[in-house]
Amino acid sequence: MFFKMLKLKSNIALFTLMAFVLAACDYEVSPWATNPDCSDRVSIEYNIKRLAEYEKQVGPRDTYQVALISDPQAYPGTFQDILEHVNTLPEVDFVLLTGDLADTGIKAEYEWVCKVMEKSKQPIFAVIGNHDALAFGEEIWDNVFGPQDYSFTYQNSKFIAYNDNKYEFANVPDRDWLAQETQGDELRDYTIVFSHIPPWDKDLELSRELKDMGVDLGVHGHVHRFDYWQLADVQLPHFATTFTKEKEFGLLSINPAGFTLENCNLSRCEVAQVRNR
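Using the working numbering, the final residue of the sequence shown is 583, and nothing's skipped along the way.
Simulated from the structure, these hints should not be mistaken for lab results.
The C-beta atom is built at its ideal place from N, Cα and C for all residues, glycine as well.
Wrong hints could be hidden among the right ones.
[As the list claims (entries may be wrong)] Beta-carbon label-pair distances, calculated as ranges:
hint, residue 1, residue 2, range
1, V529, K362, 32 to 40 angstroms
2, N341, L493, 38 to 46 angstroms
3, K472, K355, 26 to 34 angstroms
4, R581, D495, 23 to 31 angstroms
5, E552, V580, 18 to 26 angstroms
6, R347, D387, 31 to 39 angstroms
7, R494, D343, 20 to 28 angstroms
8, D491, H391, 36 to 44 angstroms
9, H530, L572, 16 to 24 angstroms
10, E390, G452, 33 to 41 angstroms
11, G564, V364, 36 to 44 angstroms
Build the full structure now, drawing on both the sequences and the hints.
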């Protein structure tokens with residue numbers, strides 16, 4: 307009887323100790339949760355407002371740059387190195403993050419990338435990639451970032467983000483929505499679209515359609531290498547920036563003479579040359 311009571315007291319003590327330990331620890335209940343610890347600073351709505359406020363502050367600018375970063379999914383450390391470098395570039399007014407922020411679409415991955423994005427000194431705009439929609443990623447994306455298709459205007463140019471992830475979604479991109487966004491009576495210097503995946507080989511007609519809509523440039527990621535191409539008979543340039551593994555990113559420079567694209571690392575940039583397909 308004595309030993310049974312001793313064993314019972316030992317078990318109670320053990321359970322009590324475990325309860326205190328668990329209460330004191332910040333442990334993850336499930337990797338499938340859809341409420342990552344991300345601030346509003348990464349949301350599309352917040353950054354559109356932030357860019358509008360900045361535009362009012364600086365006034366008209368006919369020369370500025372946009373940093374192009376993509377596919378940080380497995381490399382949050384190098385993504386942070388790139389963003390810290392971009393923070394030092396005085397001509398960069400905002401950042402386009404062209405998809406695959408996460409690798410498997412789980413909460414922890416979104417929290418990693420949010421912590422980096424929150425350090426951006428410039429407004430930062432993300433567009434959904436195919437890896438971002440895995441598992442519960444689509445729900446997380448909608449909760450944290452907002453719409454999968456959206457647009458904003460800066461310095462007389464319109465930037466249009468669209469979901470073209472045919473792996474996880476049906477009927478994308480939304481061509482009717484794109485046609486509406488590219489129309490209008492606003493006076494624009496350029497119309498620039500950005501998405502995760504460049505026009506698919508099975509859907510190269512999209513490039514022609516975008517050209518007919520008045521689009522001047524497409525910016526993308528996904529391919530994990532720099533690529534700058536246009537269909538020879540369409541002449542709409544598409545620039546794909548590489549992934550963040552080697553601390554590389556793209557740079558779009560806009561000036562009165564036109565725009566240029568550059569392939570960059572943390573020490574230098576090289577002007578990209580468009581190739582015909």
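Right, here's what the structure says about each hint:
At about 37 angstroms, the beta-carbon gap between V529 and K362 stays in the expected band of 32 to 40 angstroms. For the hinted restraint 38 to 46 angstroms between N341 and L493, the CB-CB distance of approximately 42 angstroms keeps it satisfied. Range check, K472 to K355: Cβ separation about 31 angstroms, and the 26 to 34 angstroms hint holds. Hint check: R581 to D495, Cβ distance near 25 angstroms, so the stated range 23 to 31 angstroms holds.
A beta carbon spacing of about 22 angstroms between E552 and V580 agrees with the range 18 to 26 angstroms that was offered as a hint. For R347 and D387, the Cβ-Cβ distance of about 20 angstroms falls outside the hinted range of 31 to 39 angstroms, so the restraint is violated. In this structure the supplied range 20 to 28 angstroms is violated for R494 paired with D343, their Cβ-Cβ distance being about 38 angstroms. Separation of D491 from H391 is about 39 angstroms and conforms to the stated range, judged on CB atoms against 36 to 44 angstroms.
For H530 and L572, the hinted distance range of 16 to 24 angstroms is satisfied, since their beta carbons lie about 18 angstroms from each other. Restraint check, E390 to G452: a C-beta distance of roughly 25 angstroms breaks the suggested window 33 to 41 angstroms. A hinted range of 36 to 44 angstroms is violated for the C-beta pair G564 and V364, which are about 21 angstroms apart.
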